[in-house]
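**Q** Letter by letter, the chains look like this.
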Amino acid sequence: MNINYLAATMVLALTGAFLPVINRLFRISGIQGALISSIGYVVSLFLVLISDKGKHVLEVFYTTDPVSILLGALILIASWMVMLVIYWITEKDKFVNELISALMISTAGALLLISANNFVSLAIAMELMTMPTYLMVLFAFDDKSFEAGVKYFFNGALAVGFMLFGISLLYGMTGSFEFSALVKNLFIDPLVALAAVFIFAGFGFKITAFPFHFWGPDVYDGTCPGVAALLTGISKSAAFIGLMRVVYEAIPVIAGHFTLILAIIAALTMTVGNLLALAQRRVSRILAYSSVAHAGYTLVAFAALSVPLSVTGIIYHSVAYVFMKTAAFLCFAVFLFVWGARTMDDYKGLGRREPLLAALFLIFLLSLAGVPPMAGFISKVFVFTAAVDAGMTWLALVGLLNSAFSVAYYIWIAKQMYLEEPTLEKPINDSPNKNWILLPLAVMAILLIVFGIWVNPVVDASAVYAAKVGF
Amino acid sequence: MVLLSMILLPVLVAPFAWIGEKVNRDIPKYLSLAVGVFLAFCTAYLIAKYPGNGFAFHEFYQIYPPFDFNLHLAADGISLVLLGIVAFLAITVTLSSWHVERPGAYFFLILIFLGPMVGVFVSLNLLWFFIFWEFTLVPMFFHIGIWGAENRIYAAMKFFIYTHLASVFLLLGIIVLYLSTHTFEFEKLLNIHLDPSVAKLVWILMFIGFAVKMPVVPFHTWLPDAHVQAPSPISVFLAGLLLKMGAYGLLRWEIFLFPQTSKFFAPLMAFIAVLTIFYAGFRALAEDHIKRMVAYSSINHMGFVLLGLSALTAAGISAAVYEMVGHALVISLLFMIAGYIHHKTHTWYISELGGLMKKIPGLMTMFVIGVLAAVGLPGTAGFVGELSVMLAAFDYYGWVMVIVPLASALGAGFFMWMLQRAVFGPLREEFKNLKSLTELPLIENIPLALYIGAFILVGVIPAVVFNLYNPVVNAFSQLFQ
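Quick note, the sequences are listed as chains Z and X, same order. Each residue of the first sequence is one higher than the one before, counting from 1 in my numbering. Each residue of the second sequence is one higher than the one before, counting from 1 in my numbering.
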C-alpha cells in the first residue's frame, strides 16, 4: 500500500474521530462542521490522487493500484457530497457531528476495502466500513429506523459470519490469507467451492444479491435518506470492488466454475429488483429496489469473468453507480427535507416547484435507466458487451430487457415531477440558502456526464488491472 | 468543425433559452429561430462544398481508440439531404410555435433535440449514432407530456417505453456486431466480411430497433398515440425527423453495411412494407379522428419508404430517400393544418366537421393542396416519390407488386372522402357563428407556405434532391451485384 493512500485513510478517519470532540469543546455550527470535514476530505482526496508516487508499506495487506486510486477518489467525492447534504438537511439535529464522524470513518473503511489484497485486511476493512453504519442507521429519524437498524445489524452480522467461515475454510486448506498465495495454492476441491460459496454469500448481503436482498429496501427506506445514500451508493460500490478482487485475485480457479450460477443469480437479482420496484409507491423504496437491480447488472459482469471486458464492466459500473445512486438518494433526501415528499403522489408537480433540483434528479434517474450520454449508459454497454463476449448472449438479452422495463419506473418519477399538477402546496422547511445545496448535486451530475463520454480514465485503470490479474 | 458546431451549438444555446425566458418571453423563440437559420446556413455551405460523391467533411475526435469509441463525423449526399430537412423543420417548427405557452422550457427542449438529431445523421461511429439516437427520446417525451392534448401522459409514457425497448434490441445488435468485428467505424465495418449467421442475427436485432422507429406494422402502435397527443409542431418533428431516423438507420447501418444479408431479408422487408401500406391505408379509411387519420397516412408513406429500400437497387434506394423528403414536407403540412382545424373548431372528428372551405378558404386551400400532394398529384413531391418507389419495386419483384398501386388508390380514397366530408359540402350550423373559426395570422402561415413551396419545388424539379445523393446511392448499389 502506498504511504499516501494510507495517510489519506488516516486523515479521513481522524478528522471524523475528532469532529465530535471539537464540537464538544467549541460548539461548532453546521457550516463550521461542514468546513472542517471538507478540509479532511480535500486533504484526503489530494493524498489519494498523488498515491501513485511514494513509498510502499503493508504490501501484504493492502495494494494501491489504479483501480483503488480511481475508485478511492470517486468514493471520497461522493462521500463528501453526502456529508454536505447531511449537514444541510439535519442542521438543527444536535447529533449531526457524530453522524458525520461515523460517515467519515465508514468512508475510510471503504477506501481500505477497495485496496485489500488479504483476507484479514479484507474482513477488517469490511467491518470498519460497516460498523459505523450500524450506528448511523439507528440514528433515530423515526420509529421505523429502529426496525431498520436491528434488521441491518443482524443481517450484517450474519454476512460477516458467513464470510469469516469461508475465509477460515480457505485458511485451513492452504494456510494462507494472502490473495497472491491463495491463487497459487488453491486447487479444485468441494471444500474450496464451499468456502467460495460462503464468501460470496457474505458479499451477497452487502451488495443485496438476489437471495440475500430482503433487508436492503427495508433498511434504505427506514433510515435517514442521507445514510441510505451512503449504504446503497458508497458501501455497495466498495463491496463490488472488494468482491472483484476476491474473485479475480484469490479464487479464480474455483470462480470459473461458478459462472452459470452467477449468471442465474444475476438474472434473478435484476428481474426481482425491477419487478418489485415497479410495484412500489414510495420513492425511497423504488430507489432501493432499483439498487437491487443494479447489483444484478454488476453480477452480469461477474458472470462473464472469463473475458477481460468483464473487469471493465465491473469497474465502470461501480464508478457510474457510486455517483448516480448516491446522488439519486441525496435528491430524494432534499425533496424529503424541503417538501416532505415520500410517495409518488407527493412527487406530482415537483418539477415546477423545484426546477433545478428536479432536473438534476432527472439526470440521475436517466443515468440509472441507462440513457446516454450519462455514465449509466456506457457502463451498461460494457457490462453487456462482456456478457456477450463470454458467450452469454441470453444473459445480455435478459439484462437489456430488464433495463428497458426499468425505464418504466424511472420515467414514472419523471412523469410525476413534470407532467402532473402539483399536490404539495407549501414546503415544510423553506431554507433561504436552498440553492447552495444544488452545488454538490450538480458536481455529481457533471461528473456523471463527463464519465459517460470520456471513458479513458476508467478503461485505462481497468486495463491495468486486467493485465495484473493475468488477462 | 462545421458538423461538430451543428451538434454542439443548439445544445449549448439551449440553457440560454430557458434562462432568457425570465428576462423576456420572446428571447427563446428568437434563439431557436437563430439556431434554425444557423443550421440552414451550415447545410447550404456543406451542400455547396460537397464534392459530389462519397463521404466528405471528415471530423475525427479521438476519445478511446482501443475500443474505437471516437466521435467520427462526416456527411455524404444522403446525410446532407436529411440535414436539410432538419434545418428546414427547425425553422418552420419554431415559426409554428411562435405563441406557445412556457416558451423557455419548450424551446430549451427543441434545441437540445436538434443537436443530437444532427448527430444521428452525420455520425459514422455506430456507438455515437446510438448515443445521439437514444438521447432524442428525452426532449420528445417532455414535449408530448407537457404540451400535448388530453391524453398526453399516457402517450408520452407509451412513446418512451416502447421506443426505448426497441432501442435495446438495436443496442444488443451493436454489441454483437462490435464483438465480431471489434470496430464501430462505418468505413471499417464496410470492408469486413462477417460470418453470415452472425450477420443475420445482427441484422434482425438492429432491424427491430429501426422498424419500431419508422414505424412499420406490427411495431407501429406507439405512433398514432404519440402523434395525436403531441402538439402539432412536435408532430412535425416526430413525423419529419424521428421517423426518418429509423429509415436512415436502416439504410446506413443495415442495407449499406450488410448488402448480402439485406438481400436475404429483402422479401421480408417487402412483405412488411406492403402489409404496412395496406394496413395503415385501411385504418386511415376507418378513422374519424382527423389527426389520427393523418398519422396513419404517415405510416402508409413510411411503408413506401421501406418498400423502396427493400428493392435494393439504386433506383429503389433513391426513390426511398426521395420519398423521405416528400413525406417530411407533405405530412408536416397536414399535421399542422389538422392541429389548426382542431384549434379553430374544437373538434377532432371528421363527422363533426363540414363546409370549412366556406369559412376559412385560405387555410383549407392549403389543406387541399397538401392532401393532393399526399395522394400523389403530379407536380408535387408525393407523385415523384410514390411513382419511383413503385417502379423500383416492379423492377425488382415483378408483377407481385401490382397490388401496390391499389394501395395508392386506397390513399386517394380516404383522403378524398375526408375532404368531401370535412372541407367541402354545406357549412355546419354550429360553425356559422363560431368566433374562433378565422384565418391564421401571418406568422403561422409562413411555415405552411414554406412546406407547400418546398414540396412543389422538389416535385417539379426532383433533380434538386436526386442529384445530391444519386452518386452515393449508385456507388453503394454496386455492393448488391
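Since the hints were made in silico from the structure, they are not lab data. Using N, Cα and C, we set each Cβ at its ideal position, and we do this for glycine too. There may be inaccurate statements among the hints.
Claimed, not checked - Quick partial rundown of chain Z residues pointing at chain X, CB under 10 Å, derived from the structure: (1) A123; (2) I124; (3) K415.
Claimed, not checked - Distance ranges between label pairs, derived from CB positions: (4) Z:H56 / X:Y64: 46 to 56 Å; (5) X:L434 / Z:S431: 21 to 31 Å; (6) X:L33 / Z:I22: 55 to 65 Å; (7) Z:L439 / X:L434: 26 to 36 Å; (8) X:A449 / Z:R352: 50 to 60 Å; (9) Z:S431 / X:L8: 34 to 44 Å; (10) X:L8 / Z:W436: 22 to 32 Å; (11) X:P441 / Z:L439: 36 to 46 Å; (12) Z:R281 / X:N24: 33 to 43 Å.
**Q** Which of the listed hints are broken here?
**A** 1, 2, 4, 5, 7, 8
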